[in-house]
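If you're matching them up, the sequences are chains C and L in order. For the first sequence, the working numbering begins at 1 and goes up steadily by one. For the second sequence, the working numbering begins at 1 and goes up steadily by one.
The reader is advised that the hints may include incorrect statements.
Stated by the list, open to error - For the chain C half of the interface with chain L, some residues (derived, Cβ under 10 Å), not all of them: (1) Gln-42; (2) Met-76; (3) Val-86; (4) Leu-98; (5) Asp-132; (6) Gln-182; (7) Phe-186; (8) Ile-216; (9) Ile-224; (10) Gly-232; (11) Ala-251; (12) Ile-255; (13) Ser-257.
To be verified - Using 20 Å as the maximum straight-line C-alpha spacing, the simulated DMTMM-like pairs for lysine to aspartate or glutamate come out as follows: (14) L/Lys-41 to C/Asp-147; (15) C/Lys-159 to C/Asp-147; (16) C/Lys-220 to L/Glu-37; (17) C/Lys-220 to C/Glu-267; (18) C/Lys-136 to C/Asp-160; (19) C/Lys-131 to C/Asp-160.
What the hints contain is simulated information worked out from the structure, not anything from laboratory work. Beta carbons are placed, not taken as given, at the ideal position from N, Cα and C, and that holds for glycine.
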Amino acid sequence: MKAKKQSSALARLAARSFCSTSGKPALEPRQARPRPSDPRRQEFVAGIRDTFPLLLGALPFGLIYGAIAATSGLSMAAAIAMSALVFAGSSQFIAVGLVAAQTPVAIIVLTTLIVNLRHMLYSATLLPYLKDLPQKWRIPLAFWLTDETFAVTIHRFQKDEASACKHWYQLGSSIAMYLNWQFWCFLGLVLGNRIPDAQSWGLDVAMPVTFIGMIIPFVKTIPIAVCVLTAGAASLLTLSLPYKLGIVVSAFAGITSGLLAQRLTQEGNGRR
Amino acid sequence: MSASEAWMLAGMMIVTFGIRYFLFALADRFRMPPWIEGALKFIPPAVLTAITLPAVLLPKGEWFLSWENPYLVAALLGLAAGVLTRNLLATIAIGLAAFFVHRLFL
Numbered sequence: 001m002k003a004k005k006q007s008s009a010l011a012r013l014a015a016r017s018f019c020s021t022s023g024k025p026a027l028e029p030r031q032a033r034p035r036p037s038d039p040r041r042q043e044f045v046a047g048i049r050d051t052f053p054l055l056l057g058a059l060p061f062g063l064i065y066g067a068i069a070a071t072s073g074l075s076m077a078a079a080i081a082m083s084a085l086v087f088a089g090s091s092q093f094i095a096v097g098l099v100a101a102q103t104p105v106a107i108i109v110l111t112t113l114i115v116n117l118r119h120m121l122y123s124a125t126l127l128p129y130l131k132d133l134p135q136k137w138r139i140p141l142a143f144w145l146t147d148e149t150f151a152v153t154i155h156r157f158q159k160d161e162a163s164a165c166k167h168w169y170q171l172g173s174s175i176a177m178y179l180n181w182q183f184w185c186f187l188g189l190v191l192g193n194r195i196p197d198a199q200s201w202g203l204d205v206a207m208p209v210t211f212i213g214m215i216i217p218f219v220k221t222i223p224i225a226v227c228v229l230t231a232g233a234a235s236l237l238t239l240s241l242p243y244k245l246g247i248v249v250s251a252f253a254g255i256t257s258g259l260l261a262q263r264l265t266q267e268g269n270g271r272r
Numbered sequence: 001m002s003a004s005e006a007w008m009l010a011g012m013m014i015v016t017f018g019i020r021y022f023l024f025a026l027a028d029r030f031r032m033p034p035w036i037e038g039a040l041k042f043i044p045p046a047v048l049t050a051i052t053l054p055a056v057l058l059p060k061g062e063w064f065l066s067w068e069n070p071y072l073v074a075a076l077l078g079l080a081a082g083v084l085t086r087n088l089l090a091t092i093a094i095g096l097a098a099f100f101v102h103r104l105f106l
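Extracted from the complex, chain L is given alone in its bound form:
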């Protein structure tokens, strides 16, 4: 394990435990402002989207807007499967299958 990996793990562990424990530690001496409570539900989809879209459109750090981009094709077919089936495993399976079929035959 490299030093930067150790720092990353220490940092992730501290912030994750800190968030989970903060209110338990204070017991009932603190109330969360309602607007923060309202903002929390937007965080996961926002972060996930901000990571996914560039990873699909610029898979190797360069714009690749074409049907020849297997990441883009996998993402679009996975998205379609996910919207239709509402099933996470189906989304992953179709996306992966699309990727490998694309790589093998195109």
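Same shape as in the complex, but just chain C:
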């Protein structure tokens, strides 16, 4: 049993050195000879295949993002560039919502920072699997790190298999998500711009309605419910704050109350 574990660890090492792009295999070249079917290609294709349902899931979001952006006052070029350069669905939605509310740039950037902090949790989880890769891998994989790619890829990394080309799997998932997002956002923008005078039609209602749909699945526990109620109440009490600072203050109020509620409910249950 132990010997098997050791040999699989060796195999993993061999596979890693084969898969690494640094070009200096740690073991004998004959051991590192590529197998008939390239494992990198296999992983890449598997990453795309396993991401497919999430590509469909991103479709309506991309379309709606484009449609909302078209009515928000954001220029078409900026809306496209945001998808291409920022590539973060929920913060793009929020940014467009803030642009529509004529929020100063600094607050939009600050809100983006807060909303995307969760990605740090993802990178912390993936880190043990990626830390030995060279920067030319870590940089693009970081740029393309989304909720969806994380969700798919972490299962692959956690599977106890000797393949050490699993970062190719993440690459496949990442590129598929990226191209898919660009396409649907663009289509949404074009359609949104085609509808004459979309603003007066009230297409901007799509934003709050979409957000409500996004909030609901989060509210599964009492602490999250407390967080949402507090953030909502705070958002109405802080309306007079300048530069939409109320959003930031309300978010912090919600987070703090949620943490507090979590601590209280845990104590109540006798856990911890």
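Chain L: place on chain C using the hints.
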């Protein structure tokens, strides 16, 4: 593209990539404090709620607490649909439908 749009994009890009890359860049020289890890899950619902509620109750910057407010009606029906179906597309579809029916007939 205006200058302020360019600044916004540059800022958003830098913070988003910075957050995603920070730990990858450090490799394993850093561990996140557990209380921050615990706080992360509260962020999206808190921010989304703080944006949505004023957008629904004050759609044009003025309080509009009435059944005549199509944004409020759309939000309430969307919320009901979302809670019942647990389906995002259903939530959006019902919310949008409620809004346009309200606008056409009321």
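Output the indices of the hints that this structure fails to meet, ascending.
Violated hints (numbers, rising): 1, 6, 7 and 18; every other hint is consistent with the structure.
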